[in-house]
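Participant: Just so you know, the protein sequences line up as chains F and P, in that order. Here the first sequence stands for residues 1 to 391, where the numbers follow this note's numbering. Here the second sequence stands for residues 1001 to 1336, where the numbers follow this note's numbering.
Hints are computed from structural coordinates only; laboratory data are not their basis. There's no promise every hint is true.
Claimed, not checked - Some, not all, of what chain F presents toward chain P, calculated at C-beta under 8 Å:
id, residue
1, Phe15
2, Leu16
3, Val35
4, Ile263
5, Gly267
6, Ile375
To be verified - With beta-carbon atoms standing in for the labels, derived distance ranges:
id, chain 1, residue 1, chain 2, residue 2, range
7, P, Asp1262, F, Ala7, 51 to 57 Å
8, P, His1301, F, Glu6, 27 to 33 Å
9, F, Asp4, P, Ala1044, 56 to 62 Å
What the hints assert, rightly or not - Computed, partial: chain P to chain F, Cβ under 7 Å:
id, residue
10, Asp1150
11, Pro1152
12, Gly1175
13, Thr1177
14, Leu1180
15, Ile1232
16, Ala1237
17, Thr1247
18, Val1251
19, Arg1261
20, Lys1308
21, Asn1324
22, Gly1328
23, Ala1331
24, Leu1332
All residues carry an ideal CB built from backbone N, CA and C; glycine is no exception.
Each chain, written out:
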Amino acid sequence: MTHDLEALRRDVRSFLKAQAPADWRASSRTQDDFVRTQRDWFGKLVHAGYAIPHWPAEYPGGGRSLAEQKVIYEELARADCPRLLLSFVSTYHAFATLHECGNAAQKARYLPRILEGETWCQGFSEPGAGSDLAAIKTRAERKGDVYVINGQKVWSTMAQFADKCLLLARTASDGPKQAGITYLLMDMKAPGVAVRPIHQIQGDEEFAEIFLDNVEIPVCERVGEEGMGWAVAQATLASERGLTLMELSYRMRGALGRVAGLIRKHGHEDDRGVLRDFGVLVTQVDAVCALADQFLDNRINGIERIGDASIVKNAYSRALRAYSALGLRLGGMDEQYVAPITFGDLNTGNWMADFMNSYAWTIAGGSEEVQRNIIAERMLEMPREPKGWVL
Amino acid sequence: MIELNELTDAAQKAFPAGSLSPARDESWRLAAEMGWLMVRLPEADGGLGFTREASTALHLEMGRILSAMPLIPAQLGLQAMAASHDFAERAEWLERLAAGEYAPLPMLGAALTPSPDGTVSGTISGVFEADMAAAIIAQLPNGYALVPLDAPGVSIVERAIWDPSRRLFDVILDGYTPTLMLTDAAGAKALHDQLSGEAQLALAADCIGAAGAALDMTIEYMKVRRQFDRPIALFQALKHRAADMKTKITVAEALLWKRVRDESASLTDLAATKVLAAEAFRFVTEEMVQLHGGIGLTDEHPCHLFLKRALLNLQLCGNADLWNERVGREALSATG
Ligand SMILES: Cc1cc2nc3c(=O)[nH]c(=O)nc-3n(C[C@H](O)[C@H](O)[C@H](O)COP(=O)(O)OP(=O)(O)OC[C@H]3O[C@@H](n4cnc5c(N)ncnc54)[C@H](O)[C@@H]3O)c2cc1C
């Protein structure tokens, strides 16, 4: 077992040595270049068998144990190659949804296409439904063989590049708000779909609004029963537990060298205050790596408690904030001048962009506050808010 | 691993949660009977030969109950003795210490002056529970020595401390002639680093255990204390603080276990582990006092015991400023 893992590690390492794109930061300064680099890298990883280790064995590169997946992600982080951002929703969220809840025809149609590069986005959030996701208002009305959709989605990551969308819409509005939600697979090229990228504070355009005006979705594109979409959505949201945060934590560990670089550049090598602050950060990042490791090792051993994932997420997002804030501070006035940014990464060494980007982790995927509610109410068993308030 | 669980279970049975700082001398006898003093002693020396995981588990449990007995300095003393292969009375002392005699290793610095006649004078600080010690094991100018407390030129003075769960002494040397050397001056550095790393892990474990107990107690209180017609645990502003306490403890504990198992971790790595754990402990106990309201400020309630132990732990074996600077400096040169 351990022997196999070491063999896998060697294989991944030598593949990455030969194939990992070296200059991707410099060549991801425009959206188009970013998309090209991502597609190219995803294709190479699919070919090598490392893009979808969590899929079942009937797919090329699938059927890996969690321990093996961990090794692959450790090596991807160590090699500092591009993260698979563009295909993330496809290979995790779309896969988990179809695999667990989709019918045979849906699986047969879509899963192979994902490996060919078909890109998915997630259309869950709406202007009035973020943390309170069940409050969505986008309507789906059944007319014969199709659902007719009207409404608006927001914060949909990379929707502007997506071919397909995991869509939550409301088919009934009586009863509890989790009831009456239906889960649909939407073609982003369908008539009536309009996408408007949203310009983010750090100059990136990572997410978009989606406007839906009488969009028709065939009934055969429904996942699960009508009105049962909330349960399907849980499969989507639970699709990725821990691997990404471990990968990101190790990447941040590797990126501490950038902070060290600033310390030298500005001649702080003997400034005890600066050294202390750096030391505090180093320990914080080491501890988050240890925590993410522990979380995955527990999962490998079949142990996962409610709240564990929330603790990892909050610890990571706070370390990321601390890391980028120290870089920003040590960078001084230099960082106030706009410099070209790298699309789609959280530690580029462009400190202003990285600092602002760190908020993505305290807000997206269940905000820090929502995670705290989970830790307090589900893990520490403190009394819950009056019913209907919490996620 | 099985042994580890057994050790933890036995500790929890012998020292049940909630009964804080049980009487020192009885605790000590019980710990000696259960073989805890031999946990890290090699089997060749009649010990149990367990790893760092085992002692860490014990120190964590003793932190949970704010133990009054000096298991950490005793274990350090025993390890120093076990490492001293040139010491003529080694076997005899190991037997005595493993059976329950107490020879602690101090956890703070010493200010000592050697005289040309070979004697040493000055103060060794940070000796826990010296009133029950037969001897101490201290770093003198010419190496580590066993210093019997009844030897001529040796006396002890208790220095009252804020933390009521432990007692701290100075050992005063006045023209003392060291005779029982465990190392020479050259060997002292290696022994110091080894013991210092052990001390950091032991203190980190004490902090994590105690912080966990402090959090449990705080949450229990928040569930029963009512204001504005509801338990205060229902106020989200307070729940979020509880979640942050839990997060800080969990993060520090993950680092502790990782480094306990990592034989290649440096002294600085181990000290960083202690600093993170002690800072988490301090954070949790400050919140504990605040969240208990007025009762948290009385000495009838145990809150202050946790707070005071946290503040003392932060100072033992090098404080946060010292170690954070060193972590930063080493990380900087590692990227050189
Ligand atoms: C970078 C990024 C990418 C995203 N990608 C996608 C995507 O691909 N698809 C998609 O569907 N969505 C996506 N989202 C949306 C994301 O899920 C929501 O932003 C998130 O759930 C928060 O919702 P909100 O923005 O409406 O904030 P709100 O829910 O309005 O929250 C505002 C503030 O109130 C706090 N708050 C809300 N409720 C509570 C409560 N019960 N207790 C305490 N505090 C509370 C929040 O923590 C926050 O601080 C993305 C968001 C970001 C930032």
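Participant: Now tell me if each hint is right for this structure.
Facilitator: Right, here's what the structure says about each hint:
The beta carbon of Phe15/F comes no nearer than 26 Å to any beta carbon in chain P, farther than 8 Å, and the hint placing it at the interface is violated. Nearest Cβ of chain P to the Cβ of Leu16/F: about 21 Å, over the 8 Å cut. The hint is violated. The closest approach between the C-beta of Val35/F and any C-beta of chain P is roughly 33 Å, which is over the 8 Å cut-off, so the hint fails. Nearest Cβ of chain P to the Cβ of Ile263/F: about 6 Å, under the 8 Å cut. The hint holds.
For Gly267/F, the suggested interface contact is broken, since its CB lies about 12 Å from the closest CB of chain P, more than 8 Å. Because the smallest distance between the Cβ of Ile375/F and any Cβ of chain P comes to about 4 Å, under 8 Å, the interface hint for this residue holds. The given range of 51 to 57 Å is broken by Asp1262/P and Ala7/F, whose C-beta atoms sit roughly 23 Å from each other. Separation of His1301/P from Glu6/F is about 54 Å and departs from the stated range, judged on CB atoms against 27 to 33 Å.
Remark: the range hint 56 to 62 Å for Asp4/F to Ala1044/P is contradicted by a beta-carbon distance near 36 Å. For Asp1150/P, the shortest C-beta to C-beta distance to chain F is roughly 43 Å, which exceeds 7 Å, and the interface hint is violated. Hint status for Pro1152/P: violated, given a least beta-carbon distance of 43 Å to chain F, over 7 Å. A least Cβ separation of about 38 Å between Gly1175/P and chain F goes past the 7 Å threshold, and the interface hint is therefore violated.
Taking 7 Å as the C-beta contact cut-off toward chain F, the hint placing Thr1177/P at the interface is violated, the least distance being around 40 Å. Nearest Cβ of chain F to the Cβ of Leu1180/P: about 38 Å, over the 7 Å cut. The hint is violated. The closest approach between the C-beta of Ile1232/P and any C-beta of chain F is roughly 10 Å, which is over the 7 Å cut-off, so the hint fails. Using the Cβ-Cβ criterion of 7 Å, the hint placing Ala1237/P at the interface with chain F is not satisfied: the shortest such distance is roughly 10 Å.
Nearest Cβ of chain F to the Cβ of Thr1247/P: about 5 Å, under the 7 Å cut. The hint holds. Proximity of Val1251/P to chain F holds as hinted, the smallest CB-CB distance being about 5 Å (cut-off 7 Å). For Arg1261/P, the shortest C-beta to C-beta distance to chain F is roughly 10 Å, which exceeds 7 Å, and the interface hint is violated. Look at Lys1308/P: its Cβ only gets to about 24 Å from chain F, farther than 7 Å, so that hint breaks.
About 4 Å separates the beta-carbon of Asn1324/P from the nearest beta-carbon of chain F, less than 7 Å, and the hint is met. Interface hint at Gly1328/P: satisfied, since its Cβ lies 3 Å from the closest Cβ of chain F, which is below the 7 Å cut-off. Taking 7 Å as the C-beta cut-off, the interface hint given for Ala1331/P holds, the closest approach to chain F being about 5 Å. This hint holds: Leu1332/P has a C-beta 5 Å from the nearest C-beta of chain F, less than the 7 Å allowed.
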